[in-house]
Amino acid sequence: MSYAEPSRKRRWLAGVGVLVVAALSAVELFFPASPVAEIVNIIDANYIRSVLRLTVPIAFAALGGIFAEKSGVINIGLEGLLIISAFTSIAVAGVISGGTPTQFQLWIGFAVAVLASVLFALLFAVICIEFKADQIIAGLAVWLIALGLAPFASKVIWGQVNSPPVATLNNFDLLVVEANPPVVMMLVSVPAAWYALNRTSFGRWIEASGENPKALDTVGVDVRKVRYAGVLLSGFFSGLGGAGLALGRVGQFIGGGATMVNGRGWIGITAYLFGNYNPLGAFGASFLFASLDALQIRLQQLGYNIPSELIGIIPYVTVVVVLAFVGRTRIPSAAGDHYESGEE
Amino acid sequence: MSDRGPDDEADPNPDDSWQGRADRALERLVDASAVERILISLAALVLSVVVGALIILVSGWVATCQSPFFSASGVGSFCYDPISVYYVLFKGAVWPPYNVAITLKETTLLLFTGLSVAVAFRAGMFNIGTQGQLVLGALGTALAVLWVAPVVPAGVVGGLILIAVGLLVGALVGGLWGAIPGALKAYADANEVITTIMLNFVASGIAFTLVSEVFKDPESQTVQTRAIPGFAQLQPVFFDTTVFSMLALVGALALGGGIYWMLNGTSFGYDLRTSGVQPEAAEYGGVDSEKMMVSSMALSGALGGLGGAVYVLMVASRWRTGIPSLGFDGITVSILAGNNPLGVVPAALLFGALKTGSLAIEFQLSVPKQLVGVLRGLIILFIAMPEFFRMVGARFRFGDDRPSVATDGGAETTDGSDADDHGGDDR
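For the protein sequence lines, the chains are A and B, in the order given.
The opening position of the first sequence corresponds to residue 1 in this note's numbering, with each subsequent residue numbered one higher.
The opening position of the second sequence corresponds to residue 1 in this note's numbering, with each subsequent residue numbered one higher.
The set of hints was computed from the structure by calculation and includes no laboratory data.
Backbone N, C-alpha and C fix where the C-beta goes; we use that ideal spot for every residue, glycine too.
Check each hint, because a few of them may be wrong.
Claimed, not checked - Derived coverage of chain B by chain A (criterion: at least 3 residues anywhere in the stretch with Cβ under 8 Å from a Cβ of chain A; other residues may be distant): (1) 34-40; (2) 187-194; (3) 197-203; (4) 206-213; (5) 228-234; (6) 295-305.
Please put together the full structure from these sequences, using the hints given.
Here it is in C-alpha cells:
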C-alpha cells in the first residue's frame, strides 16, 4: 500500500463531510419546516460552544498522543491518563475545600491533576524506555490501572464511585465573548503544538527520534531524553484534557462503567491517526467527533423519540467507519522500537 | 533467522505500521519459552501483590474509620492492614464453602473470555472486544431461548434443546461481531486494538437499546429481558446453588483442551499460529492471511459469545444491564497465561478467586472491591516488561549467563544490538 493512499482517502472523506454540511444547509434554506431542518437549526453559537467543550478531552488526548508517538513511543494509555486527571482534579478540589471549592481551589485541583497525569506518564515512560516494556501492553495496563484505581479511590474518599458535585471553573470575558478556560487553553495549545512540531528544533528532534533515532544520536542529541519529553508532554496534555473535562464542564467525577471519560481517550487516538499526526488535523477530527456527541445530546433535549443509548453510539460507530476508511496511517518508522545509544 | 544489521533502523519498511509493531510485540510475548513465561508471570504476581499492599496502606491512610489497625502520631492512622486484606481476599474465595461455588462460577466464565483473547493473540491479533462479543452473545442466547422455549416440552429433553440452541446462537452472534474487526483489519487495515474497543461501546449501546425498546420484560422496572424457563438453565451438580453448574466448568475445561489441540494438533491451528508469529512466512506457505484474520477473530468472538451464553444459561437466566467486565478480565487471564490455552486454566482460577475474595474484603473490611481491578492492571503492567525481571535476575545472578533468547523471537544477537525489534519476520 502506498503512503499516498491514506492521504487521498482522507481528502475524499473531508470532501464528503463538506458535501453533507452543504446539503444540510440547503435543506434548511429551502425546506425550513422539515425535521432535517429542525436538526440543522440546532447548529448555532451555543451549539458550537458546547461542541468546543466536548472537544477538550479528545483534542488534548490527541495532542498528547502525537508528541509521544512522533518521538517513538506509542502511548495507548491516554484514556487512563484522562481518567486519572479527571479524578484527581475533583478529589483535590473537594478535599482541600471540604466540599465546596472556591475558584482558587478548583485551579489548585486543576494543577495537581495535570501533575498527577504527568507523573503517571513518567511511570509509563520509565517502563517503556528503561525497561523496554512492550508499549501496547504497557499502555493497556495504564488504562486498566486507571479504570480500577479511580473508582477504588472514589470509594475510599466518598464511599461511592461517584463524587459529590462541585462547581466548575468560571468563564472569563475574552473581548466580547465569554470563554471557558479549558476551551481557551485548547485553542492556544493546538497552534502552539503545531508550531513546536514544525518550526522549532525541539520539533525536529521529536520527528527524528521517531523516524531515525540513530541520526539524532549521531548529531549528539540524547534520544532517551527526547522520548521522555514526548511521553511527558502526552501526560501534560492528557492532564489538561481530563481536568478540563471534569472541572470545565461536568463538575463531578463519575466512576461507574467506563467512567466519565467514556472512551474519549481512544477517540483521541483515532483523531490523531485521522489527522495524520498534524495537531491541526487532529483538532479538526476531534471537533468532528465532538460535534456528533453534541448532536446526540441536543437531539435528546429536543425530545426526539430515539433511544439515547442508540444515539450515544454514533461517535463510536463513526470512529470505526473512519478507521475503516482511512485504514493504515503512516506512523513514525521507529515508533514502538527501543533505542539504545552507542550500540551497534 | 536474521542477519540484517542495525542499519534497518532507518529503513522505511512497509510494515512499519501500528499493526506491524503490535504484531511483533505480540510475537515477543507468544514466543517466550514456557519456563521463562511461568517465572515472569509469577514474578509479576508477586510484584503486583507488593505494589497492591502499598496502595492498600496509602488508601487506608486516606480513609477514615473507627478503629485503625495502626496509628502513629505525626504519620496518621492506617485503616487497612494489607496482610489481613490479602488474608480475607484469599480466605473469602473458599470460605464459607458456598464461596467455592462462586469462585468456580467466575472461573468458568473467565475460561471462556480468557480463551477468546488467547486465540486472537495466537493469531497475532489483540482482541480487546471480547466484552462486546460477550454482551451481544448473551443477548442472542437469551432471545433465542425465549423464542424457542414455547415449542419444546418442559423437562430434561426440552432443557437440552434450549441449552444447545442458546450456546449455538451465543457463539454465532459473538463470532459474527468478532469477525467485523477481523474483516476491517484484513481488508481495510484498520487497527483492531481501537476498532474492538469502539465496538465494545457500540455493542452495549445496541444491546441496551434492543432490550429497552423491543424485548423488555414488561413486569420489570429495570432494563432486562424476561427470564428463561428454569429447565433451560444449566443444572448444578455438586453445589446447591443457582449460579454455578459443574457441567459448565467441565465444558469450559474441555473447550480449553480442544482449543489447545486445535492450536497444536491441526493444520488450521498451525496456520493460525504461523500467521500470528510470522505472517510473511505463513503467506509463503500458502496461508490466506486475510481469511485467517477474519476466521481467527470470528473464533475468538465465538468463544466470547459462548461466555455470554453461559452467563445467561447459568448465572443471570436473562439478559440484563450491568454485565460484569468479564471480557477485560479475560485479557489479563490470557496475558498472565502466556496466551496458552492450558495456562488459561490456573489464571482463570486465580482471577475467579480474586473476584470472589474482593466481595469478602468489601463486606468484611470495607476495602473497595475495585482493588482487584487495580491488581489486574498491575499484573499486565509487570508482564509487559520482561526486561525488568531479566535485569533484576542478572543483578542477583540467577544464572542468567545464556543470552536471553526466548522472549525476543529468537533474534537476540550476541552483540547486544536492538535487533530484537526486527524479529526476523518483518518482511
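Hints, one by one, checked against the model:
no., hint, in the structure
1, 34-40, "violated (count 0)"
2, 187-194, "holds (count 6)"
3, 197-203, "holds (count 5)"
4, 206-213, "holds (count 5)"
5, 228-234, "violated (count 0)"
6, 295-305, "violated (count 0)"
Violated hints, listed in ascending order, are 1, 5, 6; each of the other numbered hints is respected by the structure.
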